[in-house]
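Those protein sequences? They're chains A and B, same order as listed.
The numbering of the first sequence is this note's numbering, which starts it at 1 and goes up by one.
The numbering of the second sequence is this note's numbering, which starts it at 1 and goes up by one.
Quick caveat, the hints were computed from the structure, so don't treat them as lab data.
We put the beta carbon where it would ideally sit given N, CA and C, even for glycine.
Fair warning: there could be bad hints in the mix.
Just a sample of chain B residues kept apart from chain A, beta carbon distances all over 12 Å, derived [to be verified]: (1) N78; (2) V140; (3) F150; (4) E200; (5) F377.
Here are the computed distance ranges between Cβ atoms for each label pair [claimed, not checked]: (6) A:L166 <-> B:G214: 22 to 28 Å; (7) B:R137 <-> A:A109: 51 to 57 Å; (8) A:T40 <-> B:Q30: 50 to 56 Å.
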Amino acid sequence: MEEKWTTVLKPRNKWLDINLKELFSYKDLVFLFVKRNYVTKYKQTILGPLWMIISPLLTTLMHALVFGGIAGISTDGAPQLAFYMAGNVIWTYFAACVNQTSNTFVTNANVFGKVYFPRMVVPVSTVLTGLLDFLIQFVLFLIILLIYGISGAEIVISPWVLATPLLVLQLALLGMGVGIIVSSLTTKYRDLTILVTFGVQLWMYASPVVYSINQIPERYQFLYLLNPVSPIITIFRYAFLGSGYVPMVSWGISWIVTLVIVAVGVILFSRIEKTFMDTV
Amino acid sequence: MQDTVIKIDNLKKKYRLGLIGGGTLTADLQSWWAKVRKKEDPNLKIGEEAVEKKEFWALNGINLEVKKGETLGIIGANGAGKSTLLKVLSRVTAPTDGEVKIKGRISSMLEVGTGFHGELTGRENIYLNGAILGMSRKEVDAKMEDIIEFSECRKFIDTPVKRYSSGMYVKLAFAVAAHLDSEILVMDEVLAVGDMKFQEKCLGKMGDVADKEGRTVLYVSHNMNTIQQLCSRCIVLDKGRIIYDGDVEEAIRIYMGTVKESPTVVDLRELPRAEEHASGIVKMRTLEVLDTQNSVFEMDSKLRFKLTYFTEFDDLELHIRISFQYADGSPVTMIMTEKPFRSHKDREESVIFEVDTKKIVPGKYTMNIILYEINQFGTYRNCDGVKDAYCFEIAKNPQRMKNIEWSHRYWGHVMMDAVEIISEP
């Protein structure tokens with residue numbers, strides 16, 4: 001008799017065993033996780049969601065003071081606050097994606113150990129939560145630009161602003177990719193959790209966050225832009241501030257790297273998710 | 001109705017004993033490097049063999065089919081593999097070998113309140129928990145009222161759950177889980193919480209889920225009462241294998257392990273004695289069942305025993321009291337001697353007595369034997385008492401039972417004399 005089974009559980013099936021349809025059917029859960037992350041983040045704080053504006057502002061001011069003021073690094077003629085804010089907005093989002101998704105298995109071990117849902121729901125919702133933060137900071141950035149514009153500073157906005165969604169998408173994918181690779185490995189090696197926080201910080205200095213791409217000697221620039229985040233920030237700055245240029249080839253490479261990292265991450269993740277309960 | 005919804009084929013799950021890997025990346029790299037150079041692994045303890053890895057089969061070849069609408073109880077001692085089985089079924093962990101086929105959605109409640117967040121209100125947590133368990137927002141919306149009603153937490157539904165009492169927390173959590181729409185429900189000991197009234201309510205709900213809605217329930221518990229109330233079929237797991245599959249009561253009997261075949265001569269000296277009986281005034285030594293070679297008897301048999309004992313006290317006026325338990329441990333009845341017998345000190349003596357099993361229905365029983373004394377003031381003094389001194393079975397007798405399968409759960413273990421019609425219409 002031919003029988004139809006909805007689910008067949010086997011030991012470690014195929015290499016690539018991600019079920020996008022299933023993930024999609026859990027979209028309500030993604031949404032609820034995002035909401036939960038939001039609601040719980042600022043519960044019992046006095047300033048509440050205001051922190052979402054205060055913290056990037058303070059960081060930007062700090063960067064402006066230390067790197068622009070004390071160290072006197074050139075911003076290629078762009079207004080200091082806008083310049084640092086641009087790098088900061090992008091970097092904060094990326095760092096949040098990496099840091100938070102890299103904890104996926106460890107922090108959710110108790111839920112994962114009790115009930116099944118596609119594990120990908122968690123990193124996806126983490127990235128989406130970060131996206132909301134990003135949007136708020138992005139609006140803040142636009143307001144700062146506007147203020148500069150009104151007060152007569154030289155702001156060159158290029159048609160590349162239209163590429164912003166693409167940049168953000170790439171950023172999210174890259175952040176999540178790195179995050180889930182780390183999270184898959186942390187189920188076995190807890191050292192990585194420590195390494196990540198610290199590594200992300202180092203990575204920031206290897207990316208044009210607190211300085212401009214033009215600070216890098218011309219002949220090293222291509223090498224420098226192999227860091228997949230560098231082209232993203234560079235293009236973003238060019239789009240909104242007109243500083244720097246658009247490194248097309250490097251951006252292409254950066255996309256390839258992003259997609260490879262995401263693919264590796266997803267494969268690793270889907271292999272680990274089935275048995276991680278036994279090792280975590 | 002007789003659709004198979006779960007089919008398990010030779011399911012195995014292996015765990016490695018001890019530490020998994022070195023625990024750190026460096027240690028693993030060291031081990032790997034040592035292996036490459038064919039040197040000794042620096043992370044192995046002395047005496048540990050590199051090849052031999054200790055393994056543990058939590059599940060060792062499970063074959064099982066579950067039909068639609070069945071409530072299957074799963075029992076077994078700690079470590080028998082119950083939870084592992086549920087974990088594999090609920091897809092928390094993957095099997096090592098074998099295959100599980102499932103028809104329909106499966107939801108697991110391995111623990112109530114999974115994913116509850118203290119900062120969120122009851123209502124928000126219902127949505128969140130529902131989604132974690134696989135319900136869509138629409139489904140939760142449709143059931144919201146029922147869930148709140150069932151949880152008995154309406155007054156607090158918009159308060160963060162961190163302010164809830166643990167009872168309320170559990171009630172809310174169970175309410176969500178009980179309203180899941182999936183075809184198969186997997187539950188691990190979830191009813192062990194909440195007050196008695198709520199537990200009853202949950203059991204009722206679970207029963208409804210299976211009987212009226214035709215869904216399948218898999219239930220693990222150590223509480224034989226709930227298993228009896230809820231399940232229509234039961235499996236017993238032991239060391240990762242199914243050792244029994246079928247009737248609930250038989251399964252419980254096997255699990256309780258009280259049912260052993262007693263030999264014709266039972267050595268009572270080493271058997272456990274309850275504290276109140278272990279006065280040591282008399283020491284029972286052996287119990288021999290007479291006129292039979294096995295421990296299976298027809299209904300209404302009279303069992304004859306020869307009890308051998310020893311005492312250091314002179315001239316005791318001893319009584320015998322025998323209490324019967326059914327195989328699941330529930331008490332049946334008690335009988336005692338009408339007149340005492342006299343014992344003498346410092347020599348091994350025997351007394352022969354007869355026990356009438358009249359009115360006890362077919363099944364497996366154990367006997368506790370207690371020797372006691374009533375002194376001249378009428379007070380009792382226990383002299384010795386042995387628990388589960390003798391196990392016996394009353395054989396099935398379809399003719400006598402009018403072909404009725406006796407339900408120990410509802411009718412107890414004694415059948416009184418038949419109803420007599422005094423005057424016919």
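Going through the hints against the structure:
With a cut of 12 Å on Cβ distances, N78 (chain B) stays outside the contact zone with chain A, its closest approach being about 18 Å. Some Cβ of chain A comes within 12 Å of the Cβ of V140 (chain B); the nearest lies about 8 Å off, and the non-interface call is violated. For F150 (chain B), the condition that its CB be more than 12 Å from all CB atoms of chain A holds, with the nearest at approximately 20 Å. Under the 12 Å C-beta cut-off, the non-interface status given to E200 (chain B) relative to chain A holds; the minimum distance is some 25 Å.
Listed as outside the interface, F377 (chain B) is consistent with that label: its C-beta sits roughly 61 Å from the nearest C-beta of chain A, beyond the 12 Å cut-off. A C-beta distance of roughly 51 Å is found between L166 (chain A) and G214 (chain B), which places it outside the suggested range of 22 to 28 Å. Taking 51 to 57 Å as the suggested C-beta distance range, the pair R137 (chain B) and A109 (chain A) does not conform, at roughly 26 Å. For the pair T40 (chain A) and Q30 (chain B), the beta carbons lie near 41 Å from each other, so the given range of 50 to 56 Å is not met.
Of the numbered hints stated above, those contradicted by the structure are hints 2, 6, 7, 8, listed in ascending order.
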